[in-house]
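Residues per chain are reported as follows:
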Amino acid sequence: MATPAARVPVAKTYKIYIDGKFPRSESGRYFPLADRKGMVIANICRGSRKDFRNSVVAARKAQPGWAGASAYLRGQILYRIAEMLEGRSEQFVAELTLQGVARRAAQKEVEQAIDRLIYYAGWADKYQQVFSSVNPVSSSHFNFSVLEPTGVVSILAPNDSGLIGLISNIAPTIVGGNTTVVLASEKLPLCAISFAEVLHASDVPAGVVNILTGYRDELTGQFASHMDVNAIVYCDGDKTVARAVQEAAAENIKRVINRAQFKWSEAAAQNPYLIHDVQEIKTTWHPIGT
Amino acid sequence: MARPENKLAFDDGWQYAPAPESTDHIRIDKKYGLFIGGDFVAPDKGKYFDTINPATEQHLSRIALASEGDVDKAVKAARKAYRAWSRLKPANRGKYIYRIARIIQERAREFAAIESLDGGKPIRESRDVDIPLSAAHFFYYAGWADKLEYAFPGRRAKSLGVAGQVIPWNFPLLMAAWKIAPALACGNTVVLKPAETTPLTALKLAEVIADAGLPPGVVNIVTGAGETGAAVVTHPGVDKVAFTGSTEIGRVIQKALAGTDKKYTLELGGKAANIIFADAAIDQAVEGIVNGIFFNQGHVCCAGSRLLVQESVAEEVVQKLRDRMETLIVGDPLDKNTDIGAINSAQQLEKIEAYLAIGQEEGARMHQSSCAVPDKGYWCRPTIFTDVSQSNRVVQEEIFGPVLAIQTFRTFSEAMTKANNTPYGLSGGVWTDKGAKIFKMTRGIRAGVIWANTFNKFDPTSPFGGYKESGMGREGGLHGLDAYLKLEA
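Order-wise, the sequence lines are chains G and B. Residues 1 to 290 in the numbering used here are what the first sequence lists, from first letter to last. Residues 1 to 489 in the numbering used here are what the second sequence lists, from first letter to last.
Okay, chain B solo, but in the shape it has when bound (with noise of 0.2 Å):
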């Protein structure tokens, strides 16, 4: 494929060299077992699954796979250890959390390389976003241990006993952190489920788990893929359901808890607008959109994976954007260098591609990026589409890839229209220099998290999920409380 003129070509004339993030430091075992009752233990049935490192296929680990009578003593462990932990004095309660904050903290650099290495993103992102996220949130939660009597007016906050925990293969501390720090802060106890393709870095979480000295049962790590997953969500000695994932696996979680008094919150799949106006910073803007749609190989809920331009520049916006994608270094998620790692798996790899042919039979038209990309380990190129229309499939289902989905508008109202035109309503991006403008926007868009001149930012302070078909409930902040607790008159 020819190179087209490149207005960025930061490598003229000059070339990275490849930093990569040394792996000596880091310490992963050849097989690990089931986290349960405070004890790493071997899974009842004896099997075990591979999980490996995406950007080389290379294997890392063996990981127990937890059948439904595995889940049952995780559940069991972990309704022994309620008691206990729902009466503790709360300021100690939090006192152990902030210790899990503190021992990430000080293991950050062990968790970024582990988390890149088996879940294919930039290390730039897992030490710069994930780890320290990950610490914060727990941070941020501890603290509310002893003060959940000024969270809800009027009310009286009480512990639900047992949350079973399933949660996604993009962001596998972050999400094990959304999850965790919450349910242990108001009193709960855990079982929890990592992804299949990205159960390492639970797993040293455990290990920190273990060195915080919680008493043994309060939080339990058991590994697998949908089949435990759905044994966690339908155990009957589980309280609170808290799943992230698809819309797909949301609705038949929501469907299999009918007719239960479980308590749950879904964080589903989004099809987010970035929507530019012409009165935006244009260079700003064109980093938010890259941001948006390329943070994490696109492996995001809430990323800005339709891109809405104003008429009047979106020609401009377009070639700035093919520019900008030209200049970004997709390859070995270790080395600091990289923006765009590897794909997660073979199977999203596959899902992803299949969308790339779905875009262009519905005559979409494709732009990719011209970079090379590593024989081994799965990879996609950054990729935009034009021409597409709002009824196309890539406009209207979530991806989970670095592929954009680019419309134009002339109006408010119809960039209004086609942001809130899908099932969705996770997140929205908006830019424009003009502040009653904003408003007007981040006001109409229907869905939970708005960025205005940013986009993709996140903070154990700020709540975050859907509306519509992206899910209920919230996570983060004080309305992320909610979740985990009764409340009472």
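Isolated chain G, as found in the complex (with noise of 0.2 Å):
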């Protein structure tokens, strides 16, 4: 029992992030998250479908201005990100031991989380030029390929990696201009949301980013099938889920990008083909003369 001069704490209300905005779940919904003890940490937003019709057309309205941003701007972008991040630490510490993991587990993966957006900031302006090519045509024309985002991916965050498997998985997603819906984990929400408001004061613009937080099982089909989502990113290596992604990515040819094999504490889960991996390939001719 409190001493009647202590304060009480305020708790946080997790809403969901779309269009730069923090709505609650157009439906109304939630789903109660418990700690070990069954204590009810959080009132969850459980989102609809609507919610991601929603974030679609939000993404697609700022992927084309995201694209068109320098690739520096990008970079420092991602950069501000760290920046925010880093001054939150403690913030998602102790979020991630308020979940179940271990204290010391829960500092490295910040850390961890922090130095991932600097490693893919510093990619920005990099990629272009490892992937990129001029070809030597046999004709008398100028021929060269670049990369250029894929545009909307919707990306289904590993479910047993609250932190650092979410931003290692959006960060070379909108380093490479596309922009996103994110279906955070189930188990470990709590970080997503808060990783929202340090997107929110970053100058990522609104819409690049958008974070949902629902069942995995209500919403996994219509990130899958969604006519005008052009790539699906999944973590999880469930076969039947699998199946039911690529089946469904199938209805407008989306691009399925299966990364199930990642440690995402590992070094190996960054690099630089997780960018590659959302981009299409353009290449351009141009007749050499008069």
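One or more of the hints may lead you astray.
Claimed, not checked - A few chain B positions that, by computed beta-carbon distances, are all more than 12 Å from chain G: (1) Tyr16; (2) Asp39; (3) Asp50; (4) Lys76; (5) Glu106; (6) Lys351; (7) Gln360; (8) Thr386; (9) Arg393; (10) Gly466.
As the list claims (entries may be wrong) - Computed list of lysine-lysine pairs in BS3-like fashion (alpha-carbon distance at most 30 Å, straight line): (11) G:Lys239 / B:Lys486; (12) B:Lys418 / G:Lys50; (13) B:Lys434 / G:Lys126; (14) B:Lys486 / B:Lys158; (15) G:Lys126 / B:Lys147; (16) B:Lys76 / G:Lys239; (17) B:Lys434 / G:Lys239; (18) B:Lys262 / G:Lys263; (19) G:Lys263 / B:Lys255; (20) G:Lys126 / B:Lys440; (21) G:Lys126 / B:Lys263.
What the hints assert, rightly or not - For the chain B half of the interface with chain G, some residues (derived, Cβ under 7 Å), not all of them: (22) Lys255; (23) Gly259; (24) Thr442; (25) Gly448; (26) Ala452; (27) Asn453; (28) Met472; (29) Arg474; (30) Gly477; (31) His479.
Rather than coming from a laboratory, the hints here were simulated on the basis of the structure. Cβ coordinates follow ideal geometry from the N, Cα and C atoms, glycine included.
Could you fit the two chains together into a complex? Lean on the hints.
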């Protein structure tokens, strides 16, 4: 029992993040998130199909502007996200611990997440040079191939990693000019929403990253089948889910990226091929002559 | 039909003399088996189908129809060959592929004549485009075989296994080259299924592969229709699927592969916009439009089948296009004068004619060349539609024939919006004399290949493939290796 003089702490309402705003789910539904002892930590928004559709509209609208931003600017914004996260490290560590991660592991995870953002921030103005080409065609033409963002990417974030798995998928997607709609881990959703607040304070334009919480079973099909989504990333190894995702994705020839093999805390889980996965290659020809 | 006034009447006062390519130098067997494990073998159910010349409807040869059992044999042969082929010294793998390139060059004239006979395309195109590019493709990828470690920084490149490949009828040998060359260079073995209307050059390629001394089973060629293709794609012993064809079938394949670990690339349909700005060199642009839509009878997935022309020059461009269309020679594919050959099959002609009816029913105005076409065979006069709107089916859907839908625009952004307003994203064209405008438009079009002040150019070093529902993955160039490799850290 608290003493009469003790302050009553203010708990946070965890809301979803769509188009740069923090609404509750339009459905009005929630699910309780409990700690190990069964105490309710927070009521989490149970995002709906309509929330997802609204997110895709926002992501589509934001995509050309974000892709048109200079690589230098995108790099600085990713760096800014890392700065903001660094400043709020303690909050993220606390959230991870609250959700059952050991304190030392939580600290390490937050540090890795920050470093991973810095890693991809640095790639913003470099991956293009690594992966593009000037092609020595036989005819009298100048011909070159460059990477362009695939467009709107839906991400089913890893279910067993609350922060590092989330950031390891968002960062390489957006650094290349894509926009995204992310479904947070169902088991560990808190950091995803707090990360949305970090994004919100980091000059990331509205709609570039949209984050939903909710039930995997309910939303996976929507993430995979939506006709205005160009690619889907999923990270959990379940074969039935993989099959369902791939089947639904075929409806509009979505690119399907399976990242079940990654261990997100390892160094190998960061590399420029994760950027490349959600890029298209465009080849342009022009005659050489008068 | 009265002949319209024609400012480009090249044949007034004189006529083109026919200049047919001879066919006495080519050899087509009466019957072809399946190329499995280095030999031509009879199909296990003993079934054959005919391949005909679409320009004359004359029978050319009997082709084995591969059953599921035959496909299984082919996959097993490829699997058996894979072990040694993938471990062969890479430089030696390259040398075999170089040999294929050289033999195609040596036999180019024969290949060109057969390609035109079996598929209906003008000999000028098979002679100057299809066959030389096929040889060049093998030559290009041959050299990659021992240089793969330089292609993907920070990764180790490993072969995948058996590649199952299904190719279309519009560029029969070239598509076989696009598929086989990178697969072999990367150390994979191959089961290839050519299209049922154009199997001959793939079977001649089997002869070349045998002559080049490739170990038995490294390349297997199974002929047949859709069912044979489905058997190749879904065979559990196939590690990688490569398909070129319609978006409709691509979707079916992507679904069929769900739940498997097969890697796949899809080169699917297109509905490319060719955008002509008022400041373009108009006469060159008109040539580009003609090449864009009438090259290979419009049987080209990246054809410029939509014309977007800036309003201030629309009348001039359409008039010049109609004049130019009148001069196009439609007829015998083997005649070196021919600009537009035969439609590939009765089925395809039926589809094109259905779209001609749909276009008119939807209110578009149809203009056709007044040229005569032969009585026998499958023919479609070059056709343009004006007064079309963005939602018309002839604007949204791939026709795969010599049919152009013409729309106008006023502003840059209107052109870009219209260009991007289809589910496809394979290619695009832009014509203007302003460099800055070219870069703005070529960046804005959501498509994998953009031609600026040119159209329908191809090269083995140049990656090709689509955005959106035009497919995924690239063929050609360094980027084309990715489809045939596993990249490890």
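Now the hints, each set against the structure:
no.	hint	in the structure
1	Tyr16	holds, 27 Å
2	Asp39	holds, 36 Å
3	Asp50	holds, 34 Å
4	Lys76	holds, 26 Å
5	Glu106	holds, 19 Å
6	Lys351	holds, 21 Å
7	Gln360	holds, 30 Å
8	Thr386	holds, 28 Å
9	Arg393	holds, 19 Å
10	Gly466	violated, 8 Å
11	G:Lys239 / B:Lys486	holds, 21 Å
12	B:Lys418 / G:Lys50	holds, 28 Å
13	B:Lys434 / G:Lys126	holds, 29 Å
14	B:Lys486 / B:Lys158	holds, 5 Å
15	G:Lys126 / B:Lys147	holds, 23 Å
16	B:Lys76 / G:Lys239	holds, 27 Å
17	B:Lys434 / G:Lys239	violated, 52 Å
18	B:Lys262 / G:Lys263	holds, 22 Å
19	G:Lys263 / B:Lys255	holds, 28 Å
20	G:Lys126 / B:Lys440	holds, 22 Å
21	G:Lys126 / B:Lys263	holds, 27 Å
22	Lys255	holds, 4 Å
23	Gly259	holds, 3 Å
24	Thr442	holds, 5 Å
25	Gly448	holds, 6 Å
26	Ala452	holds, 5 Å
27	Asn453	holds, 6 Å
28	Met472	holds, 5 Å
29	Arg474	holds, 5 Å
30	Gly477	holds, 6 Å
31	His479	holds, 5 Å
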